[in-house]
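Make a model of the complete structure from these sequences and hints.
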Amino acid sequence: MRCDWLRKDDTMTDDRMTNGTMRNQGACRRLKGAFREYFRGSGLPAAAKAVHRDRPVIAALKRRANQSLALVVVIASTVITASLCLLSAAAPAQAQNPTPAQTRQQMLEELDSGQLRDAVLLGQQAVSRWPRDAEFRHYLGVAYFKTGDLEQAQEQLTRARDLNPKDSATHFDLALVFLSQQDYVRGADELEAATKLDPTKALAHMLLGRAYLNSNRSLQAIEEFKTTLKLDPAMKLGHYHLGFAYFSLGRNDEAIGEYKEELRQSGESPVVVFELGHALLESGKYEAAVTYLLRATELDAPNPDVWYHLGKAQALAGQAAQAEPSLRKAVELNPKDPRPHYQLARVLEKLGKTDEARAERVRFAELKKAQPATAGMATGRDQ
Amino acid sequence: MRKLRVAVAAAFLLAALSMGINGGWILWANAQTAPKPPAPATKGPAAKPARSAQKPGDAKTSAANPPLFVDVTRAAGIDFHLNCGSREKLYIVETQCGGAAAFDYDNDGWMDILLVDGSSIEDYLAGKCHPPRLYHNNHDGTFTDVSAKSGLNFCGWGYGVAIGDYDNDGWEDVYITGFHGSALYHNNHDGTFTDVTAKAGVANPTEWGTSAAFGDYDNDGYLDLVVADYVDVDMKNLPPFGIGPFCQYRGIPVNCGPRGLKGARDRLFHNNGDGTFTDVTEKLNIDPDRYYGLGVLWLDYDKDGCLDLYIADDSSPSLLYHNNCKGGFTEVGAEAGVAYSSDGHEQAGMGIDSADYDRDGWPDIVKTNFSDDTKNLYHNDHNGEFTDMAGEAGIGAIGYPYLGFGVKFFDFDNDGWPDIFMANGHVDAQVEGQSFGIGYAERPFLFHNLGYQSKIGKFEEMAEKAGPALSKKYIGRAALTADFWNRGRQDLLFTNMDGSPVLLRNEVPSPGHWLRIKTIGSKSNRDGFGARIELTAEGSTRYAEVRAGSSFESSSDPRTHFGLGAATKVEAIVIRWPSGQVDKLGPEAADQELVVREGSGVIERKH
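Those sequence lines, one after another, are chains A and B.
Counting in the numbering used here, the first sequence runs from 1 upward without gaps.
Counting in the numbering used here, the second sequence runs from 384 upward without gaps.
Rather than coming from a laboratory, the hints here were simulated on the basis of the structure.
Fair warning: there could be bad hints in the mix.
Said to hold, decoys possible - A few chain B residues that don't get close to chain A, going by computed Cβ distances all over 10 Å:
id, residue
1, Val455
2, Gly492
3, Thr527
4, Asp528
5, Asn536
6, Val579
7, Arg633
8, Arg648
9, Glu714
10, Asp743
11, Thr770
12, Ala812
13, Lys855
14, Arg915
As the list claims (entries may be wrong) - Estimated spans, in silico, between C-beta atoms of each pair:
id, chain 1, residue 1, chain 2, residue 2, range
15, B, Asn766, A, Val362, 19 to 27 Å
16, B, Gly984, A, Gln371, 55 to 63 Å
17, A, Gln371, B, Asp617, 22 to 30 Å
18, A, Gln371, B, Gly553, 50 to 58 Å
19, A, Ala359, B, Ser905, 45 to 53 Å
Quick reminder that beta carbons are idealized off the backbone N, C-alpha and C, glycines included.
Spelled out as structure tokens, the structure:
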């Protein structure tokens, strides 16, 4: 089974996104793992930090509300606190009457330092004073984006783009908003504009490739990933994404080559090791698949998907005795996934454990029935 | 599913925010270094394994190496155009037409061609007929359209065809599947046919029949009939195009179904031996869940002398009915490993065929599926189970983006190792030009069995090396093999939606030797369908079963063809007839057709 989370389309309904939630849960883990890998070292998002900073204030207010003081006091305190905050935020601007350049500099500093609420407030004031300034709307959009307010971010970045359609950065940041909303088509549109205006940004090409892949434009995705690697041969996960795009088209040999290159360049990564093992498995290279999937279980032991594929590879490599514990581990980690039960039944049959095999088939049938009526959408039709 | 979406959204948000913490584009751009020089070239597509220069299959298309197959459709006089509704394929009924058969309707020893036409919604509702076309083989490489006088006056929306001598009179009869009405035509022995559907009781009037095949499941000497039925829809009230959850493909609107539509129940008709059939579907518990049937195959996978039945279903588990040799079946698809993909997922099964591709003496199965899915090559494990070897065999990855329909094992170079032909073509016209990496029209596959190189169980796809005809893209559906010119070579014919069929003459240079066996049952059914043949040449035994119906909506040359490679003679032939009769023949010289009558041995040799 292919890891096709990249190709899921946001326009699909739940009914069309079938083939079992279990596979998808595994895919999600890989997805998360991939992003963890990709952004390792970048720390928590600034938005999260900002929220954490405000929590003591909020908690203090709650505590006070729970005490015997009159609710009015609490409300008054809150209002006062809020007013002070607003005043303190507004005061410097009013006092100094900053120029647009000063305001820009301040916003950038606030964005950079994670003072997102301040950046939003400042941005709101700026766009109020200079409504035709694309840059302020761009900064405000980014500030909203960082706070997680995608709706406001989209609005401000769209207006910034309309005011200055030749700014590749605005297109890029607007694309990030669309991608975050799983609107890959519009995300790709913006990234196309960004890369057209500035074709030298490898990351933009990689994201464009991702957007293409997510909207099922595999051939275009491959071209973008290739461009990415031309611009930055060391781009982390560049070869991985290219390999995945090849794999989505059944070009397994090329996928395997890219995965190996990714490992060579970027070191061992659970998701890449897994996908390499998976591609080898789908290519009928069972012994090699077992090697990589075994390593994947060491790197990502809680992942049932890895155990499942290892068990499947072992079974196909004629290692039924080894496959049984692998598949049982997959069942243990995700008992509602029908796949390991299906494989396990076949393995147990080979091992002569007929009764256990029958029980696994029954369990498989039960799990299949328990899935939504549409869960049986045939492989390939569920795109 | 919700978890997936949340995870995907969260991941992108995480990605975006993480980039954002670096300043998004505005700050990130400042931190970027200048573009680095391009990476060293990564490796390209894997090199094809070197192959013996002497093998006919090695020929590449060039002046020195002529094409292996040549499109002779027009030259042969085949002027059929397949109608199948709108070109946009707005409704599911417009997506599956194109049945085809190769059979000798006039017993002159040459394979004739029958092509089933579809219709359009307007014509169907108006009662306008699109009868099938029957082409008589003129023995000189051309065919003559004899439809008008044939009496094959099927009027409806035709889909598939099955051929068999249901009344054992020595003349092949015709069954045409259709939408809410199929028809059986009795061969009158004079080039004409009579519609005997009503008398026979095989009208299948409320179902949409697709593939069908004759086989004698109870070994009573009369051919029974199985019909795969697909979807239960009302032609006057078809689900509107592109509206609803089952009318989208990769985010674009397409025709609806089959998911979301009520399935139609496959039908099994028992031949009563008096020109009538009894519908035993309910009695034998055939397809109680009304899966979306598309392909049918009679085979004896456990070699117990009783025909088993395999039905390829779309978007639902495929079904394998094990014959208990007592007049009943047990469905064992999941246990046998042929119901689901190797991951236990339903597949969109289309066409199926069987042969012993690795020459281990047991029948294996090939099955085509939807795009974004591997096609199945089920190896018979000799214990009632199959293992999908598509990946290892080399047909898995390359077939992944293609949507396969008709599929046939055949030995195109007579090297003694069954090769595979697949006709491909999507069901959604809207995929064309979408940059999905798939197309509506797709090139077919010609998988060359590398057994001759001692690479047992391995195939090399070589359609693009086989000449321009196999390099083109088609919207393929039915596919069949036949020796149309009685040259000891297996030719190809496949149908093409909204277009002409493609008749491909086998022009493999220096093919191997061959032997063909035409079976005539006496106690068994007259066609000898279901007979198992073991042929030994140069000390190596090949196994085959006699059948005509398989693939998708197709019926192939019923004569059993063996490639012999370098062997100029056959040491032994053993035929195990459905009746239990065993005939042992040989030795025989290669390069001839043997007509074998059950219990009498070879009654004619054709060179």
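Results of checking the hints against the structure:
1. Val455: 32 Å, holds
2. Gly492: Given a closest Cβ separation of 42 Å, the condition holds.
3. Thr527: Holds: least Cβ distance 41 Å, greater than 10 Å.
4. Asp528: Correct as stated: the minimum Cβ-Cβ distance to chain A is 38 Å, above 10 Å.
5. Asn536: 36 Å, holds
6. Val579: B:Val579 clear of chain A: closest Cβ-Cβ about 37 Å, beyond 10 Å.
7. Arg633: Not fine: 4 Å to the nearest Cβ puts B:Arg633 too close to chain A.
8. Arg648: Its Cβ never comes within 10 Å of chain A, the nearest being 17 Å, so this holds.
9. Glu714: It holds; B:Glu714 is separated from chain A by about 12 Å at its closest Cβ, greater than 10 Å.
10. Asp743: 16 Å, holds
11. Thr770: 7 Å, violated
12. Ala812: 16 Å, holds
13. Lys855: About 20 Å separates B:Lys855 from the closest Cβ of chain A, which puts it past 10 Å; holds.
14. Arg915: For B:Arg915, whose nearest Cβ neighbour in chain A is about 26 Å away, the distance exceeds 10 Å, so it holds.
15. B:Asn766 - A:Val362: 19 to 27 Å: At roughly 20 Å between Cβ atoms, A:Val362 and B:Asn766 fall inside 19 to 27 Å, so the hint holds.
16. B:Gly984 - A:Gln371: 55 to 63 Å: Taking Cβ atoms as reference, B:Gly984 and A:Gln371 lie about 56 Å apart, which means the hint holds.
17. A:Gln371 - B:Asp617: 22 to 30 Å: Given about 28 Å between the Cβ atoms, the range holds.
18. A:Gln371 - B:Gly553: 50 to 58 Å: 52 Å, holds
19. A:Ala359 - B:Ser905: 45 to 53 Å: 48 Å, holds
Checked against the numbered hints listed earlier, the structure breaks hints 7 and 11; every other hint is satisfied.
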